[in-house]
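All chains, please: the whole structure from these sequences, using the hints.
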Amino acid sequence: MENIYLPKLAEIKEIIQETNDTKTIRLAINGGSIDFLPGQFGEFSVIGEGESTFGFSSSPLRKEFFEFSFRTSGRATTGINGLNPGDKLSFRGPYGNYFDTVGMKGKNLVFVGGGIGMAPVKSILEYCFDERDDYGKITVLYGARTVNDLLYRNVFDDWKKYKNTEVVITVDPGGETPDWTGKVGFVPTILEQLPLKGENSIAVVCGPPIMIKFALKSLEEKMGFDKENIITTLENRMKCGLGKCGRCNVGSVYVCKDGPVFTARELESLPNDF
Amino acid sequence: MEEKYFEILAEDLKKFVNSLISDNFNVIAPKDKDGDTFYGKIDKFDEANLDILLPKMSYKEYLLPKTETLFEYSVSGVDVDIKDGLGAVTGENKKRVIFGGRPCDAAAGPIMDKVFNWDYKDEFFNERFKNLTIISIACKKPDNYCFCTEMQLSPESSYGSDILLKKEDNKYFAAVVSEKGLELITPYLSLFKEITKAQIPADKDWKKVFEIEKTKGFLDKNFEHNYFQDRFLSCIGCGICTYTCPTCHCFDIQDEGNLKEGRRIRNWDSCQFAIFTLHTSGHNPRVTQGDRYRQRLMHKFKIYSEKFNKYLCVGCGRCSRNCPEDIDIKEVVKDLAGLI
Chain A
1 MENIYLPKLA EIKEIIQETN DTKTIRLAIN GGSIDFLPGQ FGEFSVIGEG
51 ESTFGFSSSP LRKEFFEFSF RTSGRATTGI NGLNPGDKLS FRGPYGNYFD
101 TVGMKGKNLV FVGGGIGMAP VKSILEYCFD ERDDYGKITV LYGARTVNDL
151 LYRNVFDDWK KYKNTEVVIT VDPGGETPDW TGKVGFVPTI LEQLPLKGEN
201 SIAVVCGPPI MIKFALKSLE EKMGFDKENI ITTLENRMKC GLGKCGRCNV
251 GSVYVCKDGP VFTARELESL PNDF
Chain B
1001 MEEKYFEILA EDLKKFVNSL ISDNFNVIAP KDKDGDTFYG KIDKFDEANL
1051 DILLPKMSYK EYLLPKTETL FEYSVSGVDV DIKDGLGAVT GENKKRVIFG
1101 GRPCDAAAGP IMDKVFNWDY KDEFFNERFK NLTIISIACK KPDNYCFCTE
1151 MQLSPESSYG SDILLKKEDN KYFAAVVSEK GLELITPYLS LFKEITKAQI
1201 PADKDWKKVF EIEKTKGFLD KNFEHNYFQD RFLSCIGCGI CTYTCPTCHC
1251 FDIQDEGNLK EGRRIRNWDS CQFAIFTLHT SGHNPRVTQG DRYRQRLMHK
1301 FKIYSEKFNK YLCVGCGRCS RNCPEDIDIK EVVKDLAGLI
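Taken in order, these protein sequences are the chains called A and B.
Per my numbering: the first sequence ends with 274, consecutive numbering throughout.
Per my numbering: the second sequence ends with 1340, consecutive numbering throughout.
There may be inaccurate statements among the hints.
If you want the footprint, here are the derived chain A segments under chain B, 3+ residues with CB under 8 Å [what the hints assert, rightly or not]: (1) 1-10; (2) 41-54; (3) 83-93; (4) 230-242; (5) 250-256; (6) 260-273.
Here are the simulated BS3-like pairs of lysine-lysine, each with C-alpha atoms no more than 25 Å apart in a straight line [stated by the list, open to error]: (7) Lys1083/B - Lys8/A; (8) Lys1015/B - Lys1004/B; (9) Lys1260/B - Lys88/A; (10) Lys257/A - Lys1216/B.
Don't read these hints as lab results, they were simulated from the structure.
Keep in mind that this is a model prediction, so the values were computed, not measured.
C-beta atoms are modelled at their ideal positions from N, C-alpha and C, and glycine is treated no differently.
So, in C-alpha cells, the structure goes:
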C-alpha cells in the first residue's frame, strides 16, 4: 500500500546563485536524475518548512542531476535558500503533463521566457538541444527586468554554440548596465522585431501574465502562429499535485493534472479564473 | 450483491447495537454534546440520539480527519528519518460502524471516494472507508433546508449505506444492500427476521422543487455573471459551509514541528479563504468572496459532475443551517436551475 504523499530524499549536488534572490538547485536521487519530461513539476521541501511547487529546469536527457530554480520569498523557499551541497531535500513527483517533444519534431522552435518563467522553458529548450538534429531553427528570446535579474547567465554561451540557433537576451528599458551588449526592450516588443513566421513553427512561452498576454498576441496576429502551436505553462497555488486538494483549477481544468502545459487554444476556452 | 430484507424490533435493534459494542466494534452515532448533537463514539445504545434530523457535522471526519499525519520525521545531520503515517491508520482502524446516520451523510462516502481514487490512490481515505460499515436510518420529515431529493437522492435512499433502516412504530425494516452490511449482521441474525422486499413499505413519492440538471445550462455559460458577485456580497468567508459539508474535501498540507522533528499533516481547508489560492507573487485568481463562492458552486455542480457524472453535494443543507449570513444554498441552486 503506497502513501502518495511520502517524499523521496534528494541530495543537493550543486547550488547556482543565479541572481540576488534566485538560485538553481541541482539534485540527485540514487546518484543521478529521475525520469521526468520537460514541463512537469514536483513538490520540493526542506522537511519542517513545508512543500513548494516548482517546474524542472533541466533537460531530462542529462542524467547526472535534475534541477529547479526558485526565488526566496516565503517560509519554504527561505528554508531551501539556507541549504548547502550535501544537504537533503524532500521531493515528490514528477507530476503533470509535459511538452509534446514528439509533435515538435521537424519544426522551427521559438522559446520565449520572462524572468523566472524561463525555468520550464530551459528544460524543454535544453532537451531540444540534446536532440538537436530532430528540430529546425531554434530561436531563444529571454528577458528580465534588469541585467541582474537574468537567470542562467552561465549557460547563454552554451546555447549559442548549437547550430542553426539564435539566442536573443533582453532587459526592460532602464534595466541595462553600461557594459550590456544584449537588447533593451520588453519581451513582446523585441519578439516583434525577430524574423519569425508561424508556418511549420511552434512557440513555447512562459513568464509573467502580462508578458504572456502580449507575446501571444504578437505571435498570433503579427507572425501568424496558430493557437495550437503556441504553448505555455500555467502556475497556480498547489498542495498535493495529485488532483485532490482542490485549489489549482482554472474552471474545470486542474493545472496539476490537466496541465501545467496548455496550448493557447486550450487557454482560450478557460474562464477568467487565473 | 442482491439486497436482503429484514425486520427487527426496536428492542432487538438496541440489543444488536449493544452487542456490536461489547464485541469490540467502534460504534459512532449521533450523540448529544453541549446542547448540540454530533456524531461520536457511543458506549451503549442509549447514548445515541436517533430523534435528531441531522447532527451538526457530518461524519466526514471518519473518512478525512480534520488533521492527520502523513508522516513523521526526525533529522540528524544530513540524515532524515521518515516514518510513514499510513501505518498508524491501518493500526487505528479496528472496524468502525456508523449507526443512525442519515442517507445524505452516507451518500457522501462514494462521492468523495471518486476524488480520492480517480487517478492516484489515496490509501489514507481508502483504509478508513474500507473499515467503515454504515447503518443509516431513513428520514421521515426533512426540514426546509433539506434538498436531497433534488440531489438525485432521497430521504429513503440507500446509496452509500450498507444497511438502511426504516422505522415503523416499534420496529425497523432493514434493507441490507452490501456484503459489508450482511457480514456485520450475520453473527446476530437471531435478532433479525428475514422478509421479502414486498413486505417493506414503499418509499414515499418525494417531490422535487427544482431539477438540478438544469443548473448546467447556466453554469456552463455564465462564469462572469453578476449573480455571483451580488448574491454573495454578504458572505463573510468564514468557511463554515465547507467545514460542515459532508462532501467538501479540499485540504492543505503543512509541516508541524521544527527542523529536527515533527510531522507533515493534512488539514481540512476551505475554498472560501483568500489564502487558498494566493500566489507567492501576491496575485490571487479569486479575489472577491463572490469569486470564492462561485468556485464552491462550480466545483459542486459543474466541475465534479463533468468528471464523475454525479454532483458533489448531497443536499443535507448543513451549509445553509450553519451559515451566519443565512445564505441558503437550496435557494441559490434553485436560482441557478431556474436560470436566475
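Here is what the structure says about each hint:
With a cut-off of 8 Å between beta carbons, the region 1-10 of chain A has 8 residues touching chain B; three or more are needed, and the interface restraint holds. A count of 7 residues in the region 41-54 of chain A with a Cβ less than 8 Å from any Cβ of chain B is obtained; the coverage claim is therefore met, three being the minimum. Check on the region 83-93 of chain A: 4 of its residues sit with their Cβ under 8 Å from a Cβ of chain B, so the three-residue criterion for coverage holds. Coverage of the region 230-242 of chain A by chain B holds. Counting CB-CB distances below 8 Å, 6 residues qualify, and the rule asks for three or more.
Judged by the Cβ-Cβ criterion of 8 Å, the region 250-256 of chain A is covered by chain B as claimed, because 3 of its residues qualify and three suffice. Only residues whose C-beta sits within less than 8 Å of a C-beta in chain B count toward coverage, and the region 260-273 of chain A has 3 of them, enough to reach three; the restraint holds. Taken as a hint, the lysine 1083/B and lysine 8/A pair is honoured in the structure, with Cα atoms around 12 Å apart against an allowance of 25 Å. Straight-line distance between C-alpha atoms of lysine 1015/B and lysine 1004/B comes to about 21 Å, which keeps the hinted pair within the 25 Å bound.
A threshold of 25 Å between alpha carbons decides the hint, and for lysine 1260/B with lysine 88/A the separation of about 13 Å falls inside it, so the pair holds. Simply put, lysine 257/A and lysine 1216/B have alpha-carbon atoms about 23 Å apart, close enough for the 25 Å limit, and the pair holds.
Hint compliance for this structure: every hint is met.
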